[in-house]
Amino acid sequence: MRVIKFIVFACFFIIFIVIANLIHKNITSYEVAGISSSFNYYNILSYSNNDIKSLVSISFKTSFESLSSMFDMDKSFLKNTILRKSINVREEEAELIIFTGEDSIEQITLNTSNNIDIFLDNLLNDLNSNNIALEKEILDDENGNVLAEIYFYKTSNYEFFITKTTNDLAIDYINLKA
627 MRVIKFIVFA CFFIIFIVIA NLIHKNITSY EVAGISSSFN YYNILSYSNN DIKSLVSISF
687 KTSFESLSSM FDMDKSFLKN TILRKSINVR EEEAELIIFT GEDSIEQITL NTSNNIDIFL
747 DNLLNDLNSN NIALEKEILD DENGNVLAEI YFYKTSNYEF FITKTTNDLA IDYINLKA
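Residue numbers (my numbering): 627 to 804.
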């Protein structure tokens, strides 16, 4: 009788450990995926076949369900609106702005004012290493002072712009199919 009690106790103990482990893993994965706390990005662009596929892990194919969970909003409020969120890029604060249309994401913008020269150099090196050649224009005033440096890359599906001013850096990923 003692052996049967021991076997039953051992079975319940093992089942308890398995259930506790599953609960712990689900809580941990939920905390990692949750966007209610600020993100920390190191690679803000994702690539495939030498083409830009997303900015801060958001692509034009990202669903409104994903956006609603990311921004803690009801899905019905996401259409034809502007979404804003503070994020961290390489431990520097930045602002993520998403422009949505009736049924798609029209534009994704990232703005930062922190360490813009280092941020720009890292971004340009990353793009260059993925064989994406940007064109460059410089906007200056009538005295020859540089107002902004604009880097851009255009395809039939999207336009990608990097605009650097003295104090700010803006990265725009614009959907041309919207």
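Among the hints, erroneous ones may be present.
Said to hold, decoys possible - For each label pair, taking beta carbons as the anchor points, the in silico distance ranges come out as:
| no. | residue 1 | residue 2 | range |
| --- | --- | --- | --- |
| 1 | Glu732 | Asp677 | 17 to 27 Å |
| 2 | Ser755 | Ile645 | 14 to 24 Å |
| 3 | Asn675 | Asn771 | 32 to 42 Å |
| 4 | Ala636 | Ser683 | 14 to 24 Å |
Just so you know, the hints here were simulated from the structure itself, not pulled from any lab data.
Just so we're clear, the structure is a prediction, and the values are computed from it rather than from any experiment.
Virtual Cβ for every residue (Gly too), placed ideally from N, Cα, C.
Structure-based check of each hint:
no.: 1; hint: Glu732 with Asp677: 17 to 27 Å; result: holds, 19 Å
no.: 2; hint: Ser755 with Ile645: 14 to 24 Å; result: violated, 46 Å
no.: 3; hint: Asn675 with Asn771: 32 to 42 Å; result: holds, 40 Å
no.: 4; hint: Ala636 with Ser683: 14 to 24 Å; result: violated, 44 Å
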